[in-house]
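Number of protein chains: 2
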Amino acid sequence: MRQIGLNSNEIMKEIRDIRKADIQWPFVFNSICSEPLHIGVEAFIKGLDTNLGDNRIFKGTAKVESKVIELLKEVFHGPDMVGNIVSGGTEANFLALQVAKKMRPEVEKPEILFTETTHYSVLKAIEFMGLKYKIVETDENFSMDISDLIHKIGKDTIAIVVNAGSSELGCIDPIEQIAEIARENKIYLHVDAATGGFIIPFAKKLGYSLPEFDFSIDGVSSITVDPHKYGLAPIPAGGILFKNKDIQNYLTFNSYFYGTQAHTTLSGTRGGASVLAVYAILEYLGMEGFIQITKKNYESTEYLIERLEQLGYTLVCTPQLNIVTFYVDNAHNLMNQLETKGFIVSVSRRFKNALRIVINNHLNIDLIDKFVEMLITIDVKETSQ
Amino acid sequence: MRQIGLNSNEIMKEIRDIRKADIQWPFVFNSICSEPLHIGVEAFIKGLDTNLGDNRIFKGTAKVESKVIELLKEVFHGPDMVGNIVSGGTEANFLALQVAKKMRPEVEKPEILFTETTHYSVLKAIEFMGLKYKIVETDENFSMDISDLIHKIGKDTIAIVVNAGSSELGCIDPIEQIAEIARENKIYLHVDAATGGFIIPFAKKLGYSLPEFDFSIDGVSSITVDPHKYGLAPIPAGGILFKNKDIQNYLTFNSYFYGTQAHTTLSGTRGGASVLAVYAILEYLGMEGFIQITKKNYESTEYLIERLEQLGYTLVCTPQLNIVTFYVDNAHNLMNQLETKGFIVSVSRRFKNALRIVINNHLNIDLIDKFVEMLITIDVKETSQ
Numbered sequence: 001m002r003q004i005g006l007n008s009n010e011i012m013k014e015i016r017d018i019r020k021a022d023i024q025w026p027f028v029f030n031s032i033c034s035e036p037l038h039i040g041v042e043a044f045i046k047g048l049d050t051n052l053g054d055n056r057i058f059k060g061t062a063k064v065e066s067k068v069i070e071l072l073k074e075v076f077h078g079p080d081m082v083g084n085i086v087s088g089g090t091e092a093n094f095l096a097l098q099v100a101k102k103m104r105p106e107v108e109k110p111e112i113l114f115t116e117t118t119h120y121s122v123l124k125a126i127e128f129m130g131l132k133y134k135i136v137e138t139d140e141n142f143s144m145d146i147s148d149l150i151h152k153i154g155k156d157t158i159a160i161v162v163n164a165g166s167s168e169l170g171c172i173d174p175i176e177q178i179a180e181i182a183r184e185n186k187i188y189l190h191v192d193a194a195t196g197g198f199i200i201p202f203a204k205k206l207g208y209s210l211p212e213f214d215f216s217i218d219g220v221s222s223i224t225v226d227p228h229k230y231g232l233a234p235i236p237a238g239g240i241l242f243k244n245k246d247i248q249n250y251l252t253f254n255s256y257f258y259g260t261q262a263h264t265t266l267s268g269t270r271g272g273a274s275v276l277a278v279y280a281i282l283e284y285l286g287m288e289g290f291i292q293i294t295k296k297n298y299e300s301t302e303y304l305i306e307r308l309e310q311l312g313y314t315l316v317c318t319p320q321l322n323i324v325t326f327y328v329d330n331a332h333n334l335m336n337q338l339e340t341k342g343f344i345v346s347v348s349r350r351f352k353n354a355l356r357i358v359i360n361n362h363l364n365i366d367l368i369d370k371f372v373e374m375l376i377t378i379d380v381k382e383t384s385q
Numbered sequence: 001m002r003q004i005g006l007n008s009n010e011i012m013k014e015i016r017d018i019r020k021a022d023i024q025w026p027f028v029f030n031s032i033c034s035e036p037l038h039i040g041v042e043a044f045i046k047g048l049d050t051n052l053g054d055n056r057i058f059k060g061t062a063k064v065e066s067k068v069i070e071l072l073k074e075v076f077h078g079p080d081m082v083g084n085i086v087s088g089g090t091e092a093n094f095l096a097l098q099v100a101k102k103m104r105p106e107v108e109k110p111e112i113l114f115t116e117t118t119h120y121s122v123l124k125a126i127e128f129m130g131l132k133y134k135i136v137e138t139d140e141n142f143s144m145d146i147s148d149l150i151h152k153i154g155k156d157t158i159a160i161v162v163n164a165g166s167s168e169l170g171c172i173d174p175i176e177q178i179a180e181i182a183r184e185n186k187i188y189l190h191v192d193a194a195t196g197g198f199i200i201p202f203a204k205k206l207g208y209s210l211p212e213f214d215f216s217i218d219g220v221s222s223i224t225v226d227p228h229k230y231g232l233a234p235i236p237a238g239g240i241l242f243k244n245k246d247i248q249n250y251l252t253f254n255s256y257f258y259g260t261q262a263h264t265t266l267s268g269t270r271g272g273a274s275v276l277a278v279y280a281i282l283e284y285l286g287m288e289g290f291i292q293i294t295k296k297n298y299e300s301t302e303y304l305i306e307r308l309e310q311l312g313y314t315l316v317c318t319p320q321l322n323i324v325t326f327y328v329d330n331a332h333n334l335m336n337q338l339e340t341k342g343f344i345v346s347v348s349r350r351f352k353n354a355l356r357i358v359i360n361n362h363l364n365i366d367l368i369d370k371f372v373e374m375l376i377t378i379d380v381k382e383t384s385q
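Chains as they are written, first to last, in our numbering: chain G, 1 to 385; chain P, 1 to 385.
Heads up, some of the hints might be wrong.
Because identical chains share one entry, a pair is satisfied inside a single copy or across any pair of copies.
Claimed, not checked - With a straight-line Cα cutoff of 20 Å, these simulated DMTMM-like cross-link-like pairs (lysine to aspartate or glutamate) come out:
hint	residue 1	residue 2
1	K59	E14
2	K295	D366
3	K63	E14
4	K109	E127
No wet-lab data here; the hints were simulated from the structure.
I would like the entire structure built from these sequences, with the hints used as guidance.
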């Protein structure tokens, strides 16, 4: 560290230069996070000195979190729903699995079931928490195979984690059927809707035929929904929702100070800025605003698919959300070539021969056209070599 | 959620009203977090759309994290140090204990040792991770008792967590002696310096006689230091530092996308704003800036102690950092009375008959005078009832 500090102008100039090396949003074709909505940024900035870890200081801001949960009750059909805005989907998944574990203290080697399309944060949680797991097979749509699920359930199975949808492909597991099985076997059911939580409710209103995924299903105990993904909030803003307070109560950690609220999150100190941002976005967009954004994202997705299919590309699966994966030759190399031209796409380790494109609010049909033109230029060149 | 959203002016007006209910910083006498430094806020805002979970998009911002670690190497005497800016001290402590656990896979029921002054995030980590623990006794200074530590070490002891210092009292454990014991017994030693990490290095330069606590001690494997506490960064900005890459490697989680870096944090998606803020603050203050702030905090602390002792109050312990705890009658009631007058102080569940005051950069001698006047008014009234 330097002995005498720099002046703020020099530092802010360097920060601006640093940011110039970041890829601009119109070229980002792989991200479930998007450019945050302006109202969210504005509200976030107003709360940059707040700490929800101390509700005695931040008496005003602390109340906003329950307002957010209140607003989301209708969206996720949870009349008794409780929850928190947390650091991200990983923390949310940790919290859900911790509840599942604590509910079944008699199980010595607790086991979690999920498919290989499940987000790696679930594996992270399992590794941290010393849990066991089994991978349930997927069907032709990369969704959980019900017969294999039934086959894999054992006496140590304490939880099933399902996707709504997977962040690799956007596939949604058949949650209603799974919930029935979970109920019969008294197994905790957690829905990881980090990707689809702020898509599915609005897509259904637009008439898209998507499976149920939320507390409307008897048997769903918790849902991960990430406002900082399709909720268009600045990072960090993950979300964990529990069906009711009784379930969340397994998480309660007392502070060692009087008057400071008990925690139901992993973090003790946590910024109120995130909560203000999420609140502002929900109030600003309303149901109609989210529906319009979702409509645009689906239209962009459909347009991209149309163009790709016209060009002869084959999809890995028919997308349920706004993720398009299609087969290419030499995907890894193509991804790198696109990156040198400024476009960021992904290649999953599991689908090595496919490009993965994520459509979010920062993209539109014009930008998709530009991307497709670049793809053709590079891919044709590659293929003809 | 409302069907049609509100306009942004209405929302921002509500946010401002919400913030009016929060206690203003000059009245906050209990918080290890302070009002963030302006340069930190400014830099944070510039990165509100960034995600360190994707270094392919945020090529510029992603590099700043290693710059931060580089700057901190000198401060914490870790020439080979590696680390991350994380969501907070809790995540940092989780990561350290996960490394300790993974280093000793042969231990079936791993056990952690620490004192009762240790932050509750360590207990949280233990509960999530299904670890065992034993509480080591403290000496008359509320620091870890060496002979009891030796007594409590067993074949299952995989880690010792020490404080630098405790967030209740600011007490620093005798880390040099503990490190020797840890080395002899091949036990992982983690230093929780969430509170003292951005105080002790500068206080030592001012001539305060404080114990060593960092990588200068052979045997320290990791340190939690929280920029969002005495580092004056906006929340979230915790920090986890490992002595070297070999130790951190136990944490490596691969993303399932090619080209996306492996994670060494709990969160996958995590904002780059925090890292920009920490970088800006380190560059802005430099060693000298931190020393001046630390000097002011110690002077304020000493002034508060002087006034309290003149008034006949007795300290629970001689503070090593900037936390002052003193005995009062009916502490819980006094805390509530002060709160009705707008002043926030804490009472710990373990020291029920004492008030705890935390001095940080947002306080000064004038504000301490105002607080003490209010304390006298209320406490005399209380006592004479």
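Structure-based check of each hint:
no.	hint	verdict
1	K59 with E14	between (37 Å within a copy, 14 Å between copies)
2	K295 with D366	within (16 Å within a copy, 57 Å between copies)
3	K63 with E14	between (37 Å within a copy, 12 Å between copies)
4	K109 with E127	both (13 Å within a copy, 15 Å between copies)
Every hint from the earlier list agrees with this structure, and none is contradicted.
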